[in-house]
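Chains as they are written, first to last, in this note's numbering: chain A, 1 to 405; chain B, 1 to 405; chain C, 1 to 405.
One copy or two, either will do: identical chains are not told apart, so a pair holds if it fits within one copy or between any two.
Here are the simulated DSS-like pairs of lysine-lysine, each with C-alpha atoms no more than 30 Å apart in a straight line:
#1 K306 <-> K77
#2 K210 <-> K272
#3 K272 <-> K203
#4 K313 <-> K210
None of these hints come from the bench; they were simulated from the model.
As the structure is a prediction and not an experimental result, all values here were calculated from the model.
Chain residues, written in single-letter form:
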Amino acid sequence: ICEIYMGLREFVKTFFLGFWDYETPKVMVVKNRTLGIIYRSVYLLVTTYFIWYVFISQKAYQESETRPESSVYTRMKGTALLGDTMQDMVEYVRPTEGGDVISTILRREVTYNQRQGVCAEHYSVPHANCTSDLDCTGIEVSFEGHGQRTGRCIPYYNYTFKTCEIRTWCPIEEFAAVREPALEEAINFTVYIKNTIHFPKFKVLRGNIKPKRGKYLSRCTYNEETDPYCPIFRLGYIAEQARENFSELCQTGGVIGVFINWNCDFDMDPSKCIPTYSFRRLDVRKNLPSSGYNYRFAKYYSRNDKEFRTLIKAYGIRLDVIVHGHAGKFSIIPTIINMVTAMTSVGICSLICDWILLTFIDKNEVYSEKKFDEVSEESPPVTLTDITLTSYGSIHSDLSEGVAL
Amino acid sequence: ICEIYMGLREFVKTFFLGFWDYETPKVMVVKNRTLGIIYRSVYLLVTTYFIWYVFISQKAYQESETRPESSVYTRMKGTALLGDTMQDMVEYVRPTEGGDVISTILRREVTYNQRQGVCAEHYSVPHANCTSDLDCTGIEVSFEGHGQRTGRCIPYYNYTFKTCEIRTWCPIEEFAAVREPALEEAINFTVYIKNTIHFPKFKVLRGNIKPKRGKYLSRCTYNEETDPYCPIFRLGYIAEQARENFSELCQTGGVIGVFINWNCDFDMDPSKCIPTYSFRRLDVRKNLPSSGYNYRFAKYYSRNDKEFRTLIKAYGIRLDVIVHGHAGKFSIIPTIINMVTAMTSVGICSLICDWILLTFIDKNEVYSEKKFDEVSEESPPVTLTDITLTSYGSIHSDLSEGVAL
Amino acid sequence: ICEIYMGLREFVKTFFLGFWDYETPKVMVVKNRTLGIIYRSVYLLVTTYFIWYVFISQKAYQESETRPESSVYTRMKGTALLGDTMQDMVEYVRPTEGGDVISTILRREVTYNQRQGVCAEHYSVPHANCTSDLDCTGIEVSFEGHGQRTGRCIPYYNYTFKTCEIRTWCPIEEFAAVREPALEEAINFTVYIKNTIHFPKFKVLRGNIKPKRGKYLSRCTYNEETDPYCPIFRLGYIAEQARENFSELCQTGGVIGVFINWNCDFDMDPSKCIPTYSFRRLDVRKNLPSSGYNYRFAKYYSRNDKEFRTLIKAYGIRLDVIVHGHAGKFSIIPTIINMVTAMTSVGICSLICDWILLTFIDKNEVYSEKKFDEVSEESPPVTLTDITLTSYGSIHSDLSEGVAL
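Okay, chain A solo, but in the shape it has when bound (with noise of 0.2 Å):
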């Protein structure tokens, strides 16, 4: 309580005689070649790791923003001759509404009239085989198997075996699939990927397509080198980039990634904020049993009020457009703060110094005796052996003192 008091009472005075006085470290110069280079040199890394890296690799002088507001539009183009008919992109990409993931079907494998009604169970199914109804009893709905098991045993199909007669849409796609061949031609589509990004902490409004007059758009395709502003691209030029050959994607289909990276430096002119482009496989191709990408879906048609659905197995390209986007900006308190920071973090050079300083500088006892100045209960004289070992234990004070980051 007293002590506190006491404390207290200091505190106010302090604030109204010591107030205004200013404390500095005493500081003690060695005058030490050796020392004053390791110093300096050390100085000298720490100062150059700031400027070089900190600021002019990493820009720390910036404030920085990495995850912008984007928007992407795409679109698909192109016709391809399917068998005697020729077919146009409605026919191909799915979903229609273009956002920032769109396939194109590259291959088809078309079950036509589809009904509901009962047939025979593809062979491959377990214990699908039949010789008589007995071995189809069981009307479970088998996880492998079509569908649900009427407990017949009917002619498969217009074979000589037999396979249990299953409930479901008929015929069953294994057998009756149609396997059209793969849509080559697919390597000259084009996709067209518009796409906005805004940051919204600097208020810029950037898009990847640059103004031109006339029919540029409707013609031009994009290359890296010849034609930067054009955001058309072909699929065979997105294959390539994606170190992939278009022949087996229309085999197997698979998943691509187009990035567009946008790396801004908003002190210089917005005007030179251009994005770039690359492409990737998303899919692990690795012979998984379930590489690459297909799915199924039906057209339905009703004919004297019965439903009939064409069933396809497409197996395309799907395009996941993927924007990254990072924008930095000069700003004054991190520019200070680490400013702040690069002229503390030399401390390091003290904190250095002053251990070899107090261990293998010959004489170091002087400098420690000078450092030093012991103060106990008793006050008792000085001696060397004392100093030399408070040697070390100044280096953590020096820690304290010194280093800074």
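Could you slot chains B and C onto chain A? The hints should help.
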């Protein structure tokens, strides 16, 4: 001017003469056990915090990447008995393309054979009930209503009362919708989730599928204990993990988040980088008027050149696959920075101890006298009072010597 | 070797003898009013910056989470008169599943009853005009064209001139498309946006819907002043907020971002955590050749086993719902770190003052003499010059004592 000139002159001189000197603060060694113990314990505390929390727990020696590139491919599988028909995934899964959002229908309310025409408004609509055409005047489209009023008052389908006639898709859903039973078997549907993740900074590509030979993927289902490498999930399992009642979901529908968490330490073998899955219902379930998940879509038919549609209101489960990724790898720069920070922040010890030393320890006048060396314009003889008075001010400057973080 | 051994020996000794000593820097107290004032004012400046900017404005005492898990469910409502038919949302909204991207059709260009066949190429296509079959030789699919040339030259539909015949979906869109009027009533369509957000770190789940009894949600529409808790937005309101002319949107279509911003301080009652909505057009509108938003899709029919399609080019509004979340909560660790940082960064004061002290204050020789204590191999008598010369070097080391941030 003169001062500045002097300053410059000295500055230059310094660089040629004083440049190689090394300065180190003079230190007073206090041989006081109490203080020493306090100092060392605070010291220990700070050190422990850094070593344990910052380095071990927070892995401050690593540079990290938190926003990897991720690709998700989903596919549902399963067949279910609906009335006397057998339905497969093509009927139930939307969208079909298998992106990171996939929904399956669990219950349908189907309105067959709607076509453009005129029919009776639903009786629940305000002012729809009528006795004569006069009640139905005005052809504006009321926002509540289902269509545009013709102004006539007609019998409500096969009932006795009358409502206003409207022009719309007839018959109206409220009257004609057929409520199908819920698809309870859907609890055994499975969703196959293929996720590939790429950390650009570390150039590591990982997938959630462990290549296994044979038809492993076609049979397994995920189970945290027994089968953690199989990315095929039963809807029942998902609902259970999300603490939802599946039957309830079948009635109202719901949105469930599938969280794939990659937490990788690339200082170890990347093959140790394996995802964990978690599931949580995303839409608030409190008894809101519009809880759950449902949507409407239509199938279109044409009969003798008239367009018909079958309107389907679908209740179902929507799975949002959300991928979180965090990877760390040793890097020299954060390590240095954090170590230096650690070392310097022990400065807080001096801060505390100085304050104690100069306030609460007996004979602090002695210490003060040793610590402080007053210099003033007229260099007065140093008096005890002066010293004690300044003892507090000193703390302020100690701050500027000592602590750092 | 010997030195290192010595170092070790001393190190050990230290730990057993000097370990409990406490070191504190010796300080020179300068009784100089000018300096004191400068020191205190810089001191005040730095402190203010920290207390006001860092703690109050930046809430540095909180740990924050910026990437919450979010779930969006959207549904559109409304009916509109199109010619003499009444259309509802099922006709206009795509995709139907109600995710975070939803689009509504505002204007359609419909091409009825297209079917595979041969018909005349559009005259605008290069080299399409012809006088004899010779002009149409070559069966390659020109990228500009709509299909594959048969090589014959036929009359252009019911016109006098001739173009090359092509195999494609006939008739071609450019010729047969029926341009429907824009859906101006759509200005009264409403979109219901349900957003649930989850902050894993703080275990807080919030929704943008305030549970209200009765049919509140079925009637209200959002208005910032009068009805901020109703998540139902009129398209007209959205367009207005985005500063867009709705009629113009009806013609060209457009992509509008709906930004839901959650800015939560969980030191207060979580129920105070309420989202704000903002709207902005996302696609650049500068008169680009391909401005606006449109897409094509088809409805398929079958008539006596021939497949027909109705091709629809849809202009509309696409709403991208983008959720931003930021939450903060008091946490001890950032608080300590920032407080210590604050305290230490006042060191910049000493830095400045020392420099002033040793350069511009009169009689700085006196101060220097007191501050610096030279020690060199041959311990020369300290001369004034020496001192002044070193005065600058001292600043470098002051850096390492003083500043910290």
